[in-house]
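Chains as they are written, first to last, in the numbering used here: chain A, 1 to 415; chain B, 1 to 368; chain C, 1 to 150.
Rather than coming from a laboratory, the hints here were simulated on the basis of the structure. A portion of the hints provided could be inaccurate.
Claimed, not checked - Partner residues are not named here, just some residues of chain A that face chain C (Cβ under 10 Å, in silico):
| # | residue |
| --- | --- |
| 1 | T348 |
| 2 | F396 |
| 3 | I399 |
To be verified - With beta-carbon atoms standing in for the labels, derived distance ranges:
| # | chain 1 | residue 1 | chain 2 | residue 2 | range |
| --- | --- | --- | --- | --- | --- |
| 4 | C | I32 | B | P282 | 51 to 61 Å |
| 5 | B | I19 | C | G17 | 18 to 28 Å |
| 6 | B | V257 | A | E412 | 23 to 33 Å |
| 7 | B | W367 | A | V402 | 16 to 26 Å |
| 8 | A | C95 | B | G67 | 53 to 63 Å |
| 9 | A | Q52 | B | V310 | 50 to 60 Å |
| 10 | C | I32 | B | G67 | 23 to 33 Å |
| 11 | C | I123 | B | P282 | 33 to 43 Å |
| 12 | B | P238 | C | I32 | 28 to 38 Å |
Just so it is clear, the structure is predicted and the values come from calculations on it, not from any experiment. Heads up, the beta-carbon is just placed ideally off N, CA and C, and yes, glycines get one too.
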Amino acid sequence: MIRSKHLALLLGLLALSPLVFGQEDNCVTCHREFEDEQTGPSHMFVRDIHAQKGLGCADCHGGDTAAEDMEDVRRAKNYRGVPTHRQVPDFCARCHSDPAYMHEHNPSLPTDQLDKYKSSVHGQRMFRERDAKVADCISCHSVHEIGSGLMPHSSTHPLNLPQTCGKCHADAEYMAEYGIPTTQLDDYRQSVHGIALLERHDLGAPACNDCHGNHGAAPPGVTSLAAVCGNCHVLEAGLFKGSPHQEAFSQNDLPMCESCHSNHLIVETSDIMVGSAEPAVCVQCHEPDDGNAGLQTAMSISTAIKELRLAQEEAGKILAEAGAKGMMITDEEFLYKEVNQALIQARTQVHAFNADSVMAKTTEGLTKAETVQTNAASLIDEYYFRRKGLGLATVFITILAVALYLKIRRLEKNQ
Amino acid sequence: MPALTDSRIYKWVDERFKINDLVDYLSQKGVPQHRHYIFYYFGGISLFLFIVQVITGILLLMYYRPGADTAYESVQFIVANVSFGWLIRALHSWSANLMVFAVFVHMFSVYFTSAYRKPRELTWLTGMGLLGLALAFGFSGYLLPWNELAFFATRVGTGMAGALPVIGDDILIVMRGGEEVTGATIGRFFGLHVAILPGLFTVLLAAHLVFIQRQGMSEPLGWQNTTAAGRKMEKFFPNFLLKDLLVWLIVLNVLAVLAVFFPDGIGAVHWPLGVKADPFAPPPEVIRPEWYFMFAFQALKLLPAHVGFVEGELFGIMVFGLGGLVWTLVPFLDRKSHTGEINRLFYAFGWLVLAFILVMTVMGYFWE
Amino acid sequence: MNQQKSTRRKFLEIVLGGGALATLGSILYPVIKFITPPAAAEADPSQLKLDFSRQDLIDEPKKARYFKYGKDLGIILLTGAGELKAMAATCTHLDCTVQHRPDLGIIWCSCHNGKYDLDGKNISGPPPKPLAAYKVKEVGDAIFVSREEA
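Excised from the complex, chain A in its bound form (with noise of 0.2 Å):
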């Protein structure tokens, strides 16, 4: 039997409960039973950092979170709401570029996307031109389930990057009226960037924002193009700021390794790249008796390159041949490395565009080529040795054996 002072006990819990469990957050509450359990803010919301960090609905669109009415919600005055296009930017530099308020949850977090974000061409075109298509701060970093770079299912992680700037900049429909290609994306994913990166997994490799920059996005001017690639490629960078073609490229106001190399469709370099005819790029600029040395130094550095190569095939072929008769070819296949090792200095000192760099490298090749090629050699004159040897013992083996036949034979007879 329910007595009525069961019920007041009751009734009691109920009205303190939310002091029991917890304060319940109306927004979610009521958004959570008409929204879509895929694409609805406030199922995807627990996935987002900043619900992991403790923020909620109103943190960012005000309101009040007990109110249990829109109408009560829109009346809150911190109410925000929904941000147009336009007001994104500003909608998330709130709390992103208030170095205090960010202290205190992220000391380690920068605060000057906006800053950034206002001088890169998105942003330019976001303030000046009130273009309602560019990428504003969720057209990257989605919206309410916002994960760090660091995150592999995060938009932006160096991974889902490409996609995340494909989305528009591979869209031809799309980026129609702004009179730039929509090729990047499925020329860097044939590239050997691409390919280290999406297919590999090498997180080594570069991804659109490590040489465009992400919130200050801008292509690399031509001047500063050689200094981004630099970054890794440190080596040929300083060979070319050493070379001739350092000075004629930047008078000539040709943007430095894009001309030979490309910018995104950058394919795995070959030997053929260099020398005086096509496919050697040397010929986009020169031409014989142009009154420069630029073709012959092109042929020598070509021929050097070569010739250190064919002598690491045919030292490749005497060691595979050792090996397939059984010969033991560690050590030499050791050597065999560094001859490897020596073709990719030379072909990095081609950067220099001097020949004769080139070729103290590849003479010091050709000699471990050499070494490799005798090593392999007097082992497969072991090979035949071992043959010989056996012929040999199998003769002195076969005299014993008949000598001992005839000598049983006689034995028997004499019995």
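We have chain A already, so just place chains B and C on it with the hints.
Using the frame of chain A, we list chains B and C on its own:
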């Protein structure tokens, strides 16, 4: 040629050890001449190959280092850097395989001539012991290079021991030196291979040889029924011994040819050094035991998951165990052979076993 | 006739003896060569004695030298403070050979600007893992290198 007994060395030894009676007894020893005569050589061939194993094994011991970090590298070192290391290793591998083959031929020829019958029961028992030890030699030695091939074959082989009821798990742990095949397994297989098994083998071999010398060569069934003229005997010393030596020379040459031309084995019986064992790598597509275990491996593969209420693998092991027991006790079970008569039942059983082994072995290699 | 037989017998004895000696020789020759230790004493020694001294390192412009340890390439360098440090010399990114940069106090990989500190720890650039460190021991003038315990 002057008689042995006239030499100064002989007189010196006889003075001290009184060997005249013994030498007299041994010089009476004869070898029966009959159409299965050729099988008399196989015991000696097994012995010769064992001697080769001991010599090459001791030589390999000078450079081999047991242990997960050093075993593979030391074998590679032997083959690549040590003078004639390739030869010693190849001889050891080939001689091991040929020895097992010779031992099987020897055993079957003894079986089919019923040479196990009274009074040679103990010779047969010691022989069965030697067979078991030879197989143990093969199994333990196979792991020592610590390459991928050996690692997985050992894992499967020791895993089968774990299928035994009650004691299976404990046996597996003792064999492996732990739950898994690791460097600890190398340690105990090595101790087994170079110390325990050689010791046991030498004791059993000595007994086996003493029995043979004391009792002489077994005569084929019905030998006594042939005429005195038909019963030709050849002197063991020096005639048969010299012939044995000749056969050993030929076997030595065959070994040498195999070692030079096929240092890594031939066909499906292959033992290239390959890659080092990696316990975390996925097993290769084809895991094979050594060829002399193939018949058992294949038979177990063919068994269904369950036979009655018994697990298939266990059933197979029990059947093999029973078969092995019958085979070992055959001198005591085959009463008929004591009288010199052919026992058709045991003959048939022998052919059945041989056929089974051959069919299973061929199937294991060619049937997928 | 007996003389013929006797000479034939003697000839047989000689051939038998000669054959036995030759066969014994062809067995003993490889055995003796086998037990003679080869130039490289061990496959992967637990401890390697370098064939150069501290002074050689001081004389090197980059204050470092390479050495072969088993199957791997190693580098040994002299720090600014005069300490000897040794580690594997193969970059953990794409297998280029690293070098000592005494001017920067780091180990550097020229292929993609990977940087390691002098203990081999990867500090910048693409390398995903540190370089395996080796232990260095100086006994008199000699330098001994051994792999770190796992």
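For each hint, the structure was consulted:
Residue-level restraint check for A:T348 holds (minimum Cβ-Cβ distance to chain C is 8 Å; threshold 10 Å). Below 10 Å, beta-carbon pairs count as interface contacts, and A:F396 has one with chain C at about 4 Å; its hint therefore holds. The interface hint given for A:I399 holds, since its Cβ lies 4 Å from the closest Cβ of chain C, which is under the 10 Å cut-off. Here the CB-CB span from C:I32 to B:P282 is close to 44 Å, at odds with the stated 51 to 61 Å.
Look at B:I19 against C:G17: about 27 Å separates their beta carbons, and that is inside 18 to 28 Å. Take B:V257 and A:E412: their Cβ atoms lie about 29 Å apart, and the range 23 to 33 Å holds. Take B:W367 and A:V402: their Cβ atoms lie about 44 Å apart, and the range 16 to 26 Å is violated. For A:C95 and B:G67, the hinted distance range of 53 to 63 Å is satisfied, since their beta carbons lie about 60 Å from each other.
For A:Q52 and B:V310, the hinted distance range of 50 to 60 Å is satisfied, since their beta carbons lie about 56 Å from each other. With their beta carbons about 28 Å apart, C:I32 and B:G67 fall inside the hinted range of 23 to 33 Å. Against the hinted window of 33 to 43 Å, the Cβ-Cβ separation of C:I123 and B:P282 comes to about 35 Å, which satisfies the hint. A hinted range of 28 to 38 Å for the beta carbons of B:P238 and C:I32 is consistent with their spacing of about 31 Å.
Comparing the model with each numbered hint stated earlier shows that hints 4 and 7 do not hold.
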